[in-house]
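Undergrad: With the sequences and hints as input, model every part of the structure.
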Amino acid sequence: MAVKWNSQAWAEAKKRCRLNEADIQMAKELGMTPKSLIKNIPAPNQQWKAPVKVWIRDLYEEKFDRVLTVKPVLSEEIKRKTKKQEEQIISERWIDEEDLPF
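In terms of the working numbering, the sequence shown opens at residue 75 and continues consecutively.
Wrong hints could be hidden among the right ones.
Subject to a maximum C-alpha distance of 20 Å in a straight line, what follows is the list of computed SDA-like cross-link-like pairs (lysine to any residue) [unchecked claim]:
id, residue 1, residue 2
1, K109, W84
2, K102, C91
3, K89, E136
4, K102, N80
5, K137, E103
6, K113, D139
Since the hints were made in silico from the structure, they are not lab data.
TA: So, in structure tokens, the structure goes:
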């Protein structure tokens, strides 16, 4: 019987293992569970053991001969960034009449 992991379990693994969205995606593609990620966090006396983030990337690269580096961007983030950039451009072009030399 396959256990379906909820987003809360993935969020906990992401937080405890210090992973980003690309690392989570790689772990899912490798068939890992949040529990397996948390179990593989190296203890202080296991200095030979790689951090979970490095471990996932090594396994993914070994299996697929590539590493996911593109961070998925939400459409809301894109909209926010473009608005901020437009505001900066407008504010940079603004010239106060009092500052003009003539």
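Undergrad: It remains to establish, for every hint, whether it holds in the given structure.
TA: Quick rundown of the hints versus the structure:
{"no.": "1", "hint": "K109 <-> W84", "result": "9 Å, holds"}
{"no.": "2", "hint": "K102 <-> C91", "result": "14 Å, holds"}
{"no.": "3", "hint": "K89 <-> E136", "result": "25 Å, violated"}
{"no.": "4", "hint": "K102 <-> N80", "result": "12 Å, holds"}
{"no.": "5", "hint": "K137 <-> E103", "result": "10 Å, holds"}
{"no.": "6", "hint": "K113 <-> D139", "result": "25 Å, violated"}
The structure does not agree with the numbered hints 3, 6 stated previously, though it agrees with the rest.
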